[in-house]
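Peer 1: The residues making up each chain are set out below.
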Amino acid sequence: MLDAVFDVLANERRREIVARLARGPMTTPEIGRHFGFTKQALNRHVNLLEEAGLVARTLHGRVHELSLVPRRLDGVARWIVELRRGWGASLDRLDEVLRARAD
Amino acid sequence: MPAPTETLTLERIYEAAPQRVFEAWTQVDVLGLWFGCAPDTFWKVHLWEPRAGGRIHVSLDFDGHPFEVRGQFLIVDAPKRLRYRWSGDEVVEVTFEAHGSGTKLRVAHTFPAGAEARTILTAGWSASIEQLGRV
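Sequence order for the protein chains is E and W. First residue of the first sequence: 0, per numbering that gives the first Met the number 0; consecutive thereafter. First residue of the second sequence: 0, per numbering that gives the first Met the number 0; consecutive thereafter.
Only chain E is shown next, with the shape it has when bound in the complex (with noise of 0.2 Å):
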């Protein structure tokens, strides 16, 4: 099982998602938009993380919803996510230090 979920992670952008969506739930064009992926791109990855398990979807109305399903990130696949929220909430906390230096 956390193979499966290992091999859909395997790609930086479906882990940039899986990040993204750590941070709260996205509709599917939400997600187009901020990553900038074509249509078709944006099926694969979303149909590879939903059949993984790791992504639900809820329909409000035409738009999908798409949120974290938590308890299928284990392991490594766990540790990736965290990995890159820890280095990106570290890098926007640098940020706010060479602010505050540059006053």
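Everything labelled a hint here was simulated from the structure, so no lab data went into it. Every residue, glycine too, gets a C-beta built ideally from N, C-alpha and C. Mixed in with the good hints, there may be bad ones.
[As the list claims (entries may be wrong)] Using C-beta positions, here's what the derived DEER-type ranges look like:
hint : chain 1 : residue 1 : chain 2 : residue 2 : range
1    : W       : 76        : E       : 43        : 38 to 46 Å
2    : W       : 74        : E       : 39        : 39 to 47 Å
3    : W       : 98        : E       : 95        : 13 to 21 Å
[Said to hold, decoys possible] Sample of chain W residues at the chain E side, in silico, Cβ under 10 Å:
hint : residue
4    : 9
5    : 14
6    : 23
7    : 24
Given the structure of chain E, go ahead and fit chain W onto it with the hints provided.
Peer 2: Below, chain W alone, put in the same frame as chain E:
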């Protein structure tokens, strides 16, 4: 055959000049202001010797589980490039490129992929997923 690896890459643009950004990575008092994996996570930098061969020793604490990182600086080329071994076979490469009057920072964190990585990596990064979901 070399062990398969994965690389996590991040880029950021900062308004500060490369020298300033480089210093934020190499001066421990500044590093301590931003370096860490999450605001709720405790990191303690014991050794951070930014010179080729210099030692790295950082204590992390996740949900009460202590974890020690012992690495080494491999390349220190001020104010352009840092390369250091983090924990185990993990290597972090940081480049600082002038971008107008600011800096384009690139971080590439390479780690072993596949089965053997799991035990190494999960040991250090095991914040609960419930917590991740709340962020």
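Peer 1: With reference to the structure, classify each hint as holding or not holding.
Peer 2: Verification of the hints:
1. W:76 x E:43: 38 to 46 Å: At roughly 40 Å between Cβ atoms, residue 43 of chain E and residue 76 of chain W fall inside 38 to 46 Å, so the hint holds.
2. W:74 x E:39: 39 to 47 Å: 41 Å, holds
3. W:98 x E:95: 13 to 21 Å: 18 Å, holds
4. 9: 5 Å, holds
5. 14: 7 Å, holds
6. 23: At 6 Å from the nearest chain E Cβ, residue 23 of chain W passes the 10 Å test, so the hint holds.
7. 24: With a minimum Cβ separation of about 8 Å from chain E (threshold 10 Å), the hint on residue 24 of chain W holds.
Going down the numbered hints, you'll see the structure goes against none, and every one checks out.
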